[in-house]
Amino acid sequence: MDSIEHWEEVVIMASAQVGKTEFLLNVTGSYIDQEPCPIMHVLPNEDLIQAYSKKRLTPMINNSEVLRNKIGVAKSRDSSNTIEEKSFPGGYVTIVGANAPSGLSSRPVQIVLCDEVDRFPVSSGKEGDPIALATARTKTFRHKRRHLFVSTPVDKETSRIHQLYEDSTMEQWCLPCPHCGELQPLQFKRGEDNGIVFEHYVSESGEIVVTKAEHRCAYCGNLGSEKEWKRGEGAWVSRKEHSTRRGFHINQLSSPWSDWREVAKAFLVAKREGVDKLKVFVNTVLGEPWETKVKGMDDKTLMQRRERYEYEVPEGVKVLTAAIDTQDDRFEVEIIGWGAGKESWRIEYQRIYGDLNRPEVWQDLDRFLCRSWIGPEGREFRIIGACMDSGGHYTKEVYEFTRAREHRRIYAIKGQGINPKTAEHVPFIARHSRTQMYNAILIHLGVDDGKVKVYDSLKVGEPGPLYCHFPDDEGKGYTQEYFLGLTAETHRTIKKDGVKYKVWVKTRDRNEPFDLAVYNRAVVELLRPNLSLPIEQQPNGPKVDPDTGSQQRARKSKKRGVASSV
Numbered sequence: 002m003d004s005i006e007h008w009e010e011v012v013i014m015a016s017a018q019v020g021k022t023e024f025l026l027n028v029t030g031s032y033i034d035q036e037p038c039p040i041m042h043v044l045p046n047e048d049l050i051q052a053y054s055k056k057r058l059t060p061m062i063n064n065s066e067v068l069r070n071k072i073g074v075a076k077s078r079d080s081s082n083t084i085e086e087k088s089f090p091g092g093y094v095t096i097v098g099a100n101a102p103s104g105l106s107s108r109p110v111q112i113v114l115c116d117e118v119d120r121f122p123v124s125s126g127k128e129g130d131p132i133a134l135a136t137a138r139t140k141t142f143r144h145k146r147r148h149l150f151v152s153t154p155v156d157k158e159t160s161r162i163h164q165l166y167e168d169s170t171m172e173q174w175c176l177p178c179p180h181c182g183e184l185q186p187l188q189f190k191r192g193e194d195n196g197i198v199f200e201h202y203v204s205e206s207g208e209i210v211v212t213k214a215e216h217r218c219a220y221c222g223n224l225g226s227e228k229e230w231k232r233g234e235g236a237w238v239s240r241k242e243h244s245t246r247r248g249f250h251i252n253q254l255s256s257p258w259s260d261w262r263e264v265a266k267a268f269l270v271a272k273r274e275g276v277d278k279l280k281v282f283v284n285t286v287l288g289e290p291w292e293t294k295v296k297g298m299d300d301k302t303l304m305q306r307r308e309r310y311e312y313e314v315p316e317g318v319k320v321l322t323a324a325i326d327t328q329d330d331r332f333e334v335e336i337i338g339w340g341a342g343k344e345s346w347r348i349e350y351q352r353i354y355g356d357l358n359r360p361e362v363w364q365d366l367d368r369f370l371c372r373s374w375i376g377p378e379g380r381e382f383r384i385i386g387a388c389m390d391s392g393g394h395y396t397k398e399v400y401e402f403t404r405a406r407e408h409r410r411i412y413a414i415k416g417q418g419i420n421p422k423t424a425e426h427v428p429f430i431a432r433h434s435r436t437q438m439y440n441a442i443l444i445h446l447g448v449d450d451g452k453v454k455v456y457d458s459l460k461v462g463e464p465g466p467l468y469c470h471f472p473d474d475e476g477k478g479y480t481q482e483y484f485l486g487l488t489a490e491t492h493r494t495i496k497k498d499g500v501k502y503k504v505w506v507k508t509r510d511r512n513e514p515f516d517l518a519v520y521n522r523a524v525v526e527l528l529r530p531n532l533s534l535p536i537e538q539q540p541n542g543p544k545v546d547p548d549t550g551s552q553q554r555a556r557k558s559k560k561r562g563v564a565s566s567v
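Taking our numbering, I'd label the letters of the sequence shown as residues 2 to 567.
Hints are computed from structural coordinates only; laboratory data are not their basis. Be a bit skeptical, because a hint or two may be false.
[What the hints assert, rightly or not] Have a look at the derived ranges for each label pair, beta carbon to beta carbon:
hint, residue 1, residue 2, range
1, 316, 480, 18 to 26 Å
2, 495, 221, 41 to 49 Å
3, 203, 61, 38 to 46 Å
4, 356, 103, 31 to 39 Å
5, 51, 201, 36 to 44 Å
6, 241, 90, 33 to 41 Å
[What the hints assert, rightly or not] Below, in silico cross-link-like pairs of lysine-lysine (DSS-like), each with a Cα-Cα straight-line distance of 25 Å or less:
hint, residue 1, residue 2
7, 507, 157
8, 266, 280
9, 21, 190
10, 278, 460
11, 397, 460
12, 21, 228
Note that CB positions come from ideal geometry on N, CA and C, so glycine has one too.
Could you put together the complete structure from these sequences and hints?
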């Protein structure tokens with residue numbers, strides 16, 4: 002195989018913490034010293050530029066005498082050496098965000114280094130695919146241009162790095178079997194003949210302890226220890242031919258900083274905690290995209306899962322949460338119980354009708370949220386917190402209601418969906434702030450992320466982590482209408498300018514049960530109760546402080562005579 006420098010494009014699909022970003026920095030340093038030219042680093046968004054420059058690029062330059070002599074130390078009045086751009090004889094290195102079209106479409110560059118491309122927006126503003134914009138800037142350097150793409154993959158259907166890797170030489174890092182010498186990739190395949198084999202037990206405190214982890218050869222079938230395998234001389238082995246693009250895949254099993262027993266433990270913990278954690282394990286430890294194997298669910302399937310509860314709050318529930326959806330003529334409220342591994346039990350779905358311009362219906366809502374539900378041995382359960390939708394025609398009333406009840410952890414929320422123009426990811430618990438009106442805490446939710454979490458949990462087929470229980474009691478609100486609303490949206494993959502991404506699409510008009518499931522999940526993510534602890538040790542959960550480092554906000558609040566924290 003030719004040297005990488007003779008190839009126009011290089012793709013690295015890898016797990017976390019195997020040196021992906023370090024590879025890009027080393028390439029940068031090599032070009033600055035050996036073949037100076039214009040270089041551009043592209044990060045998922047502009048917010049990452051400062052940290053990347055100060056914590057990764059600048060330390061590399063300052064710790065290398067050769068690079069330091071070419072670029073120099075940054076000075077406040079030196080326009081050639083800034084956070085975003087550093088010049089040197091023969092070129093410069095600039096750092097831009099994939100969400101900023103101005104940075105991607107200005108000057109020509111020879112080298113484009115794209116970091117974490119699976120987190121790039123579909124479109125950079127209104128200009129289109131950021132990868133296409135960035136690589137278009139290399140046209141001037143037709144015979145010397147280089148495009149490097151690295152990322153931990155996310156979702157198989159929409160993963161850019163996986164698509165690029167599949168259209169490449171598809172090389173894997175392979176090590177020789179310590180017994181027969183056959184080269185092969187290190188794999189984590191549970192239930193198959195080859196791959197990691199481990200032994201473990203669970204301690205009395207519930208901790209998983211892995212005592213032994215070995216790798217079975219795919220050819221001779223013999224087991225070898227981690228030291229024996231990693232002692233061998235590895236090599237990249239390609240699976241396809243390609244004329245312009247080399248692709249590489251490596252996972253944490255090959256990393257000198259990993260421990261197979263810790264990898265096995267991470268898998269067992271993820272398996273115990275449910276599909277959310279398994280996704281993270283597959284992406285960040287194995288360096289593979291997550292593939293959804295279970296296809297959807299419908300209202301009839303979920304209705305058939307209804308079960309008889311012996312108590313209002315069944316055995317296994319540790320805490321209760323509430324979610325409120327505000328309509329013009331009513332509140333829709335759901336109470337959900339949570340147990341270990343975020344296993345959930347629907348407790349009650351209630352509609353509270355009334356004129357929301359009058360105080361009586363708000364008082365009815367407050368009384369409902371103050372009540373208790375009875376569990377085994379007569380134990381009384383009260384909600385540990387609630388999220389209340391602030392959209393619609395009663396925003397200021399919601400702020401006033403929640404502001405007066407922050408001590409009970411009842412918070413206003415504002416959902417933020419995916420931007421159809423950019424498809425930029427919004428984290429589930431995006432940020433906290435205080436409103437100008439009534440100075441209420443407002444939780445900003447990435448509802449698309451939340452819907453994925455709820456949807457995945459509804460597809461869990463066996464009781465355990467993330468499984469959803471429903472009471473066989475229509476008097477509690479769990480009628481066919483409820484299940485139709487719970488399944489009123491579906492996740493679809495669409496393509497924009499040749500790039501795939503997922504959107505949520507309504508299949509029915511009424512989707513309040515689905516929204517309330519998302520809001521209830523938000524309470525758990527927000528308050529983070531330790532659901533593995535016994536009921537007796539369950540705290541009420543931390544209070545939310547939206548004033549994260551904002552001294553200015555605190556000062557303003559004091560001037561108004563309002564408490565600055567919850």
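Against the structure, the hints come out as follows:
no.: 1; hint: 316 to 480: 18 to 26 Å; verdict: 25 Å, holds
no.: 2; hint: 495 to 221: 41 to 49 Å; verdict: 47 Å, holds
no.: 3; hint: 203 to 61: 38 to 46 Å; verdict: 43 Å, holds
no.: 4; hint: 356 to 103: 31 to 39 Å; verdict: 50 Å, violated
no.: 5; hint: 51 to 201: 36 to 44 Å; verdict: 42 Å, holds
no.: 6; hint: 241 to 90: 33 to 41 Å; verdict: 40 Å, holds
no.: 7; hint: 507 to 157; verdict: 23 Å, holds
no.: 8; hint: 266 to 280; verdict: 15 Å, holds
no.: 9; hint: 21 to 190; verdict: 24 Å, holds
no.: 10; hint: 278 to 460; verdict: 15 Å, holds
no.: 11; hint: 397 to 460; verdict: 37 Å, violated
no.: 12; hint: 21 to 228; verdict: 23 Å, holds
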